[in-house]
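Listed here are the chains, written in short residue letters.
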Amino acid sequence: MADVPADLPEAAGRRFADGAFTSALTVPDFAACLQLGLEPIGYVQGFCVMQWRWYGMGATFGPFGQFTGPGNRGWSENWPCPHGLVSAEHRGFGQNYEQSWIEDAWRQGFDAAYGRMVEEATSAGAHGVVGVVDASEPLGDLGVLEFRVQGTAVRVVGGRAPAGGRPWTTYLAGQRLAKSIEAGFAPVSIAAAVSSVRVWAYCVTEYLTEGSSPGWGYQVAATEIEQTARAHMAVRRIARDQVRSQLHGDSFHGASMVTRQRELGQGDAELQCTLRGNRVRRFKEFDPLPPPQPTVRLR
Amino acid sequence: MTAHPELEGAGPDPAVLKDEMRAAAEFLSRPPPSGRSSKGGGAPRTSDLSVDEEFALHSVGWEPIQLVCGVSLYSIPMGVWNWGQGEIGPASTAYARAFAAATHRIHRECTDVGGRGVVGVHIESEVHRHHVDVALVGTAVRAVGSKGPSADPVFVSDLSGRDFALLHASGWEPLGLAVGASFVYAPRRSAGMAIKQKSQNVELANFTEAMYSARESAMERMQRAALEMDGTGVVEVKVTEGPMGFARHAIGFTAYGTVVRLVAGRHRPLRPRMVLPVDDPVVRFEAAAIRGK
Chain A
1 MADVPADLPE AAGRRFADGA FTSALTVPDF AACLQLGLEP IGYVQGFCVM QWRWYGMGAT
61 FGPFGQFTGP GNRGWSENWP CPHGLVSAEH RGFGQNYEQS WIEDAWRQGF DAAYGRMVEE
121 ATSAGAHGVV GVVDASEPLG DLGVLEFRVQ GTAVRVVGGR APAGGRPWTT YLAGQRLAKS
181 IEAGFAPVSI AAAVSSVRVW AYCVTEYLTE GSSPGWGYQV AATEIEQTAR AHMAVRRIAR
241 DQVRSQLHGD SFHGASMVTR QRELGQGDAE LQCTLRGNRV RRFKEFDPLP PPQPTVRLR
Chain B
1001 MTAHPELEGA GPDPAVLKDE MRAAAEFLSR PPPSGRSSKG GGAPRTSDLS VDEEFALHSV
1061 GWEPIQLVCG VSLYSIPMGV WNWGQGEIGP ASTAYARAFA AATHRIHREC TDVGGRGVVG
1121 VHIESEVHRH HVDVALVGTA VRAVGSKGPS ADPVFVSDLS GRDFALLHAS GWEPLGLAVG
1181 ASFVYAPRRS AGMAIKQKSQ NVELANFTEA MYSARESAME RMQRAALEMD GTGVVEVKVT
1241 EGPMGFARHA IGFTAYGTVV RLVAGRHRPL RPRMVLPVDD PVVRFEAAAI RGK
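Heads up: the sequence lines are chains A and B, in that order.
Read in my numbering, the first sequence has 226 at position 226, and its numbers run on one by one without any break.
Take the position in the second sequence, starting the count at 1, then add 1000; the result is the number in my numbering.
If we strip away everything but chain B, and leave its shape as in the complex, we get (with noise of 0.2 Å):
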């Protein structure tokens, strides 16, 4: 017993972890039950969440089912890429179309086992010269004991585990993902204006308008695509930025988030508890610490 009982953490009583871990062993050795092996049955299930979020999601009655996924390629037409002005729609577009198909195909495998959404999806997305690739990989949930598909419309949303249980405590609820890309030339620079400006540190005013245009259509695209789910705003929205790596004179900007909705009557706030860590960092060793200074 600490002098100070209030700064002990309120984790479980040792001697109870000790006696489930000694339950575990035990059920461990005797030989699996024929058939079902787990106790509660149902399907097996497969999950990439930590048992943090696991955990999480169960505190607010919902339950992970499968692993679920979506994968899509578009190709972007050849010569796109040569130098322009204003917009590259051809690849605004496959970028757009390929995260559609890959949101279809996961919304689709989700439906199929019966969840009523899929969370923690881990997005990776490509762009080369000629194809835009786009891998959704997520677990679909559903909500503790419901049985069969849902008639709710399936949600698909990167958020964790953990943000998940949180959005759903405060009365919000996710509705899908919103996404906007777009791609952009930075015009060239009349051959003059390239001679002033070479020996200066000035503003290139046409990289910085182009990066100006990719944003704003970006982002406007992405805000689009919440109004259409009839969401409330996006959350967790993450972005990417720069120049092509295969075509330096393009700016690419991608936005993507997840669009959430109130349901409840008001906001519930969570009122955290404010936590003072006695934990020092992690220190490693350093090779060089033993020569002294």
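Chain A with its partners taken away, still in its complex shape (with noise of 0.2 Å):
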């Protein structure tokens, strides 16, 4: 075994000089795993708590960052109010905007996760890692995010190790791990983005959204509420854009997208979405599959 890099615990590398091996896998998934010839080594697993606020990531925005913050990068799109200087309460400017900071700090927070349980990996002298289940969640009410990234390290028995001595990974674990392979998809690693997007609603978006009367005309039927649609179709572009950032040619297959919605009152709001599948590499020309047999389960 390699030695335990700096940053991992002592206890990580005594885990995995006892001897005896440690994993996630359920026992179909096991099974499955030795049928491919996959030699579980141990449970290996990345951390990294981040401060998490929705704003001010960085230190360097405020809560107006889109407009002051020197740092802050990505799409926007403005919405100029069509009725002019109504009153100082009139919402006579609108924007939607990505969030750089936001997705930036999640970034820095998974790659940590990630970076930890990868290294594990390697000093246990892994060539992958496979059943890959990953969350951040707020720890508590600190005020604080936890990333972690967890999987079952493996080697390939009689395999050469991967390019680098970097294990690749996957969330893949069993059948359908072996499925892909025989398909001819090799694991190259897990692939995540978060993107988030904030709307600044302008007096339209304010009135369609809360039902507010608003004495010009509108909201006489229904009305599509463009500004916050277009916000819903950008959050998922950039998230998608994102991810094929990090594919370098290969594919993505089983991807995960949840979009979550906080409402902010008056028409604003502030979208975040995240996706996560795998990066796979073909490896051999596809080999067509003989078409899969109906059945009926019979209890």
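Derived by calculation from the structure, the hints in this document are not laboratory data.
Glycine included, C-beta positions come from ideal geometry on N, C-alpha and C.
Take these hints with a grain of salt, some might be off.
Over 10 Å on every C-beta distance to chain A, these chain B residues come out as not near it, computed from the model [stated by the list, open to error]: (1) 1067; (2) 1212; (3) 1238; (4) 1243.
According to the in silico footprint, chain A covers these stretches of chain B (three or more CB under 8 Å from chain A) [said to hold, decoys possible]: (5) 1094 to 1107; (6) 1110 to 1121.
Cross-link-like lysine to any residue pairs, in silico, SDA-like; alpha carbons within 20 Å at most [as the list claims (entries may be wrong)]: (7) A/284 <-> B/1145; (8) A/284 <-> B/1061; (9) B/1018 <-> A/285; (10) B/1018 <-> A/183; (11) B/1018 <-> A/34; (12) B/1018 <-> A/27; (13) A/284 <-> B/1015; (14) A/284 <-> B/1018; (15) A/284 <-> B/1033.
Both chains come to you apart, so use the hints to assemble them.
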């Protein structure tokens, strides 16, 4: 076994040296991994706890980071009010903008946890990590977010170590991994991204979302809330673009896309889209599989 | 070897699988070639299909291309949820328009990536007091080997890859999503009627009628949408129904499903094999079990 990296707990090194393997695989997944020639080495994990505030990431951005923050980048679009100067309360200007500092902070936490898991697997001499699970959740009410990435480190019996010694990773395990290999897709890594878009509503969006009386002739019939709809499309597009930028020509399988909207009142909203899946690389031409046999289960 | 080879699964030979895994490891031990690293070339593909679904698609000659989505939010005019009679037309209209706009957008994304259709569409629809939100996320697919935009109309379907493959194998094709929604007031009972029924378990005819009315209107709209697509019928219909959380006197009923049409000369029967699973249901540990009864 290689030396344990300095930033890993000493116990991790002892655990791998003990002889018995640990894994989070279910029995069917365990059996399928053995069938594939994968030898479990140990349960590997990476954690990172980040301070998590919706605003002020990087300390250079105020609550109006899109206007004043020097480091914000990414997509934005403006929604000027069609009514002109009405009153001080009138929302004369709206904007949809990507909150790049939130995306960067998420990326930093996720990459740190992922890197630590891979580091642990590398130190155990693993070729890959299967059955990866990851989560990012608030840790109590401390205003912090904990990133967790865990999986089972495996070695390919009689197989060669991956390029650069860095183990491949996949959310798959068991029969699904076996099928993926059989069809010619080698796991490269998990891929994940978070995109964040803020909707700073202009007057029309506020009226339509809140059902308030505009007095400007709007709301006479069902009308599309175009600003929010475009923000929803954008947050999903940005997440997909970010994942594509991680693929380097490989394919992305088994994606899971989850979008959450946080209503902030008066039509304002914050959208966050999490996209994760498996980055795979074709290592042989596609073997056509036999047509699946329809079956009826008897009970 | 078992004494009953007919009971053995039809899975791959374990020795072959191990060779495949070693071949994959060998491939990954080499640095990725510059430019496109996947054999077979083409743009990087993204898909939210499971491995099983993807293989089911391949088995009938289709392949995933890109993850696509469509979202729309429509406002519901203020005051429409107040007490009234009959259908709450603006809410039903908002739902239908939001669905149509979201479908149009996922259609456009599918066309842009050269897809022939979208399968496995996850549909999220929420009705709020002042707006309806509809989000569709799925995977654009095309026939294996086809290039460029398709001349055939694009379909959007919430059928899984497995269901799409089964449908295809039996000679049918999906045409699109059909949607119907209706929101109806449950009319007030008279004061006398309310007092009379207060201590009795009797039918609340106003609610029964409202449910009937909403259900029939929504199903009729879905059916009409199927006919407009020149479909034979609708499969995998999902319905939601019940009083609205923010207006308990209003009943909502929504229904959507995939419109299908027979394209083969006639339906091709699948003739499924019967299997008797020998696996037990997953037994989970229960902490109380260690104390005994």
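A quick look at each hint next to the structure:
For residue 1067 of chain B, the shortest C-beta to C-beta distance to chain A comes to about 6 Å, within the 10 Å cut-off, and the non-interface label is violated. With a least CB separation of 24 Å from chain A, residue 1212 of chain B remains clear of the 10 Å interface cut-off, as annotated. Annotated as non-interface, residue 1238 of chain B keeps its C-beta farther than 10 Å from every C-beta of chain A; the closest such distance is 20 Å. Every CB of chain A is more than 10 Å from the CB of residue 1243 of chain B (nearest about 19 Å), matching its label as outside the interface.
Check on the segment 1094 to 1107 of chain B: 5 of its residues sit with their Cβ under 8 Å from a Cβ of chain A, so the three-residue criterion for coverage holds. Residues of the segment 1110 to 1121 of chain B lying with their CB closer than 8 Å to a CB of chain A number 0, which falls below the three-residue condition for coverage. Taking the CA atoms of residue 284 of chain A and residue 1145 of chain B, the gap is near 17 Å; set against the 20 Å cutoff, the hint holds. A threshold of 20 Å between alpha carbons decides the hint, and for residue 284 of chain A with residue 1061 of chain B the separation of about 18 Å falls inside it, so the pair holds.
Proximity of residue 1018 of chain B to residue 285 of chain A is assessed by CA-CA distance (about 18 Å); at most 20 Å being required, the pair is judged to hold. Of the pairs offered as hints, the one joining residue 1018 of chain B and residue 183 of chain A holds, with about 13 Å between alpha carbons and a cut-off of 20 Å not exceeded. Restraint check for residue 1018 of chain B and residue 34 of chain A: the C-alpha separation of about 9 Å stays at or below 20 Å, so the hint holds. Only pairs whose Cα atoms come within 20 Å are accepted, and residue 1018 of chain B paired with residue 27 of chain A is accepted, the gap being roughly 19 Å.
A C-alpha spacing of about 18 Å is found between residue 284 of chain A and residue 1015 of chain B, which places the hinted pair at or below 20 Å, so the restraint holds. About 15 Å separates the Cα atoms of residue 284 of chain A and residue 1018 of chain B, which keeps this hinted pair within 20 Å; it holds. A threshold of 20 Å between alpha carbons decides the hint, and for residue 284 of chain A with residue 1033 of chain B the separation of about 14 Å falls inside it, so the pair holds.
Taken one by one, the earlier hints fail for this structure at numbers 1, 6, listed in ascending order.
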